[in-house]
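J.: Next come the chains, spelled out residue by residue.
There are 2 protein chains.
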Amino acid sequence: MSEQNAALSWFTEQHGRAGSAFSLHVKALLHTEKTPFQSIEIYDTTDWGKLMVIDGCTMVSTRDNFLYHEMMVHPALFTHARAKRVVIIGGGDCGTLLEVLRHEEVEYVAQVEIDERVTRLAEQYFPELCASNGDPRAEFLFVDGIKYMAELEPESVDVVIVDSTDPIGPAKGLFHTTFYTSCCKALRPSGILVQQSESPLVHLDIIKMMRNAMRLSGFHAVRTLTFPQPLYPTGWWSCTMARKGADLSGFRERGAAAKRFATRYYNVDIHRAALALPEFMREAFGD
Amino acid sequence: MSEQNAALSWFTEQHGRAGSAFSLHVKALLHTEKTPFQSIEIYDTTDWGKLMVIDGCTMVSTRDNFLYHEMMVHPALFTHARAKRVVIIGGGDCGTLLEVLRHEEVEYVAQVEIDERVTRLAEQYFPELCASNGDPRAEFLFVDGIKYMAELEPESVDVVIVDSTDPIGPAKGLFHTTFYTSCCKALRPSGILVQQSESPLVHLDIIKMMRNAMRLSGFHAVRTLTFPQPLYPTGWWSCTMARKGADLSGFRERGAAAKRFATRYYNVDIHRAALALPEFMREAFGD
Chain C
1 MSEQNAALSW
11 FTEQHGRAGS
21 AFSLHVKALL
31 HTEKTPFQSI
41 EIYDTTDWGK
51 LMVIDGCTMV
61 STRDNFLYHE
71 MMVHPALFTH
81 ARAKRVVIIG
91 GGDCGTLLEV
101 LRHEEVEYVA
111 QVEIDERVTR
121 LAEQYFPELC
131 ASNGDPRAEF
141 LFVDGIKYMA
151 ELEPESVDVV
161 IVDSTDPIGP
171 AKGLFHTTFY
181 TSCCKALRPS
191 GILVQQSESP
201 LVHLDIIKMM
211 RNAMRLSGFH
221 AVRTLTFPQP
231 LYPTGWWSCT
241 MARKGADLSG
251 FRERGAAAKR
261 FATRYYNVDI
271 HRAALALPEF
281 MREAFGD
Chain W
288 MSEQNAALSW
298 FTEQHGRAGS
308 AFSLHVKALL
318 HTEKTPFQSI
328 EIYDTTDWGK
338 LMVIDGCTMV
348 STRDNFLYHE
358 MMVHPALFTH
368 ARAKRVVIIG
378 GGDCGTLLEV
388 LRHEEVEYVA
398 QVEIDERVTR
408 LAEQYFPELC
418 ASNGDPRAEF
428 LFVDGIKYMA
438 ELEPESVDVV
448 IVDSTDPIGP
458 AKGLFHTTFY
468 TSCCKALRPS
478 GILVQQSESP
488 LVHLDIIKMM
498 RNAMRLSGFH
508 AVRTLTFPQP
518 LYPTGWWSCT
528 MARKGADLSG
538 FRERGAAAKR
548 FATRYYNVDI
558 HRAALALPEF
568 MREAFGD
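For the protein sequence lines, the chains are C and W, in the order given.
Take the first sequence: its letter number 240 is residue 240 in our numbering, and every next letter is one higher.
Position in the second sequence (first residue = 1) + 287 = our numbering.
Treat the hints as calculated values from the structure; they're not laboratory data.
Owing to the predicted nature of the structure, the values given are computational and were not obtained by experimental measurement.
Possibly wrong hints are sitting among the right ones.
What the hints assert, rightly or not - Straight line, CA to CA, 30 Å or less: simulated DSSO-like cross-link-like pairs of lysine-lysine:
1. K495(W) x K459(W)
2. K259(C) x K495(W)
3. K208(C) x K546(W)
4. K185(C) x K172(C)
5. K434(W) x K472(W)
6. K321(W) x K459(W)
Stated by the list, open to error - Covered stretches of chain W (in silico footprint by chain C; criterion: 3 or more residues with CB under 8 Å from a CB of chain C, positions within the stretch not fixed):
7. 303-309
8. 326-335
9. 520-533
10. 536-543
11. 565-571
Stated by the list, open to error - Stretch by stretch, here's where chain W covers chain C in the computed footprint (C-beta under 8 Å, at least three residues):
12. 16-27
13. 36-50
14. 233-245
15. 266-274
Virtual Cβ for every residue (Gly too), placed ideally from N, Cα, C.
Construct the entire structure; sequences and hints are all you get.
T.: Quick look at the structure:
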């Protein structure tokens with residue numbers, strides 16, 4: 001660690017499947033540990049603020065996380081008519097929770113992160129993402145999200161947000177029909193599941209698999225949204241929404257236009273834009 | 288070169304201003320040369336096809352160039368009522384030219400690239416981008432684009448596409464009011480200038496400077512469009528359109544929907560989506 005602090009260097013993540021790599025210029029390794037679930041490193045970078053790395057993958061930086069967190073939350077919550085009860089699976093850095101709590105209609109959020117250390121380190125190194133952690137509407141549960149969803153009372157929540165790592169390692173089970181079936185059962189009618197769904201350019205097969213699995217698990221409608229995310233492979237990312245017993249053709253545009261909180265990326269035009277499918281995705285999905 | 292061919296390795300571009308770097312896994316260095324204007328390298332990659340590097344910057348890969356080339360051409364040509372005469376400044380790899388020539392209304396395209404070697408190497412290593420180079424509507428001029436635009440007959444062209452390298456080195460003069468004034472003069476009424484305008488996330492100052500310079504040079508309306516481009520810094524890129532004596536509020540949606548050529552990224556929804564400005568860009572532009 002002292003050597004890594006001694007000089008400026010680079011943190012590099014190699015994207016095995018994609019044949020590419022992304023690096024950030026780092027000033028110092030601030031923290032490193034091995035938890036029962038994964039290895040976590042925190043770096044200070046020259047231009048991207050703090051950087052959290054999990055199992056060698058760049059997870060969140062101070063500079064660009066707003067893109068991902070806003071897009072994981074606001075499209076789903078402005079599609080649902082009135083989401084009172086929300087579950088976040090993963091999301092230990094609390095950036096997704098912060099965006100959910102901006103919605104006044106939300107009465108309760110369960111933040112279900114398997115690894116408490118992610119949240120403790122976020123509190124220390126990304127305090128701005130944890131600014132609402134004291135909100136009485138938020139409950140922190142450091143348990144297995146798959147088990148949590150399987151045991152949840154049927155028709156008890158409005159929105160489930162799956163903010164997890166990639167479909168390898170601990171998060172693998174979050175991309176299966178068993179998990180989606182639990183989510184569908186736990187959602188009230190017209191409830192929405194939204195999950196990060198990797199890069200349209202290099203993981204299109206994963207997105208197709210997820211969409212098919214969601215449909216097979218009882219969801220009525222599925223839509224994939226895209227947005228920029230420099231920290232993740234190819235810099236272009238997606239989330240996929242699935243809805244129980246209702247379609248996903250529109251959203252509460254007036255509500256989104258009149259929102260009483262600030263965003264840096266999301267707005268009504270961006271919501272519509274994220275729903276636009278490029279030709280190659282349209283062809284792949286048969287839409 | 289033999290050593291580089293001996294083993295798999297990486298080509299890395301460090302983004303000085305951004306504190307980041309992007310790498311592609313390469314199998315072989317196929318060609319390297321120093322022209323009177325710049326250094327050019329061609330690599331064979333494991334997952335991205337061929338890669339052209341100019342002065343150390345990744346310019347074009349087989350895999351992802353369709354995003355950039357389609358977005359540099361189709362929004363402008365489906366905004367113009369009927370672009371008969373088009374000028375491309377730069378664009379030596381011929382990918383932009385290929386997309387322009389898909390439009391039947393185009394009667395003449397001048398491809399004005401300062402460095403003939405870029406085009407000769409594209410013919411050899413990116414033949415699919417040069418598939419329309421024999422089209423009788425295309426004229427190849429290997430001259431200085433700034434001088435070419437300054438000497439062009441007033442009100443003689445409909446669309447000018449500036450497909451250049453970054454605003455450092457040989458392309459610097461393409462981001463100045465002197466050049467924009469030449470473009471504005473050379474365009475017919477309602478003519479459109481479109482120029483690649485870097486990353487919204489790390490080059491917002493450059494985009495603002497370009498927009499201001501375009502307005503100061505006599506253009507009536509200016510709009511910035513965004514799109515993914517993995518090969519360029521942050522993976523998120525933009526182009527900026529400026530129009531002479533007319534606004535940029537709409538485009539020929541029916542024409543775009545009925546287009547008689549295939550695209551992989553562009554379609555009517557994507558065109559609309561690209562025009563959506565994220566909150567931070569809206570604030571920066573005062574729109």
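J.: Take the hints in turn and mark each one as holding or not.
T.: Hints and how they fare:
no., hint, in the structure
1, K495(W) x K459(W), "16 Å, holds"
2, K259(C) x K495(W), "27 Å, holds"
3, K208(C) x K546(W), "27 Å, holds"
4, K185(C) x K172(C), "20 Å, holds"
5, K434(W) x K472(W), "13 Å, holds"
6, K321(W) x K459(W), "20 Å, holds"
7, 303-309, "holds (count 5)"
8, 326-335, "holds (count 4)"
9, 520-533, "holds (count 3)"
10, 536-543, "violated (count 0)"
11, 565-571, "holds (count 4)"
12, 16-27, "holds (count 8)"
13, 36-50, "holds (count 4)"
14, 233-245, "holds (count 3)"
15, 266-274, "holds (count 7)"
Comparing the model with each numbered hint stated earlier shows that hint 10 is the single one that does not hold.
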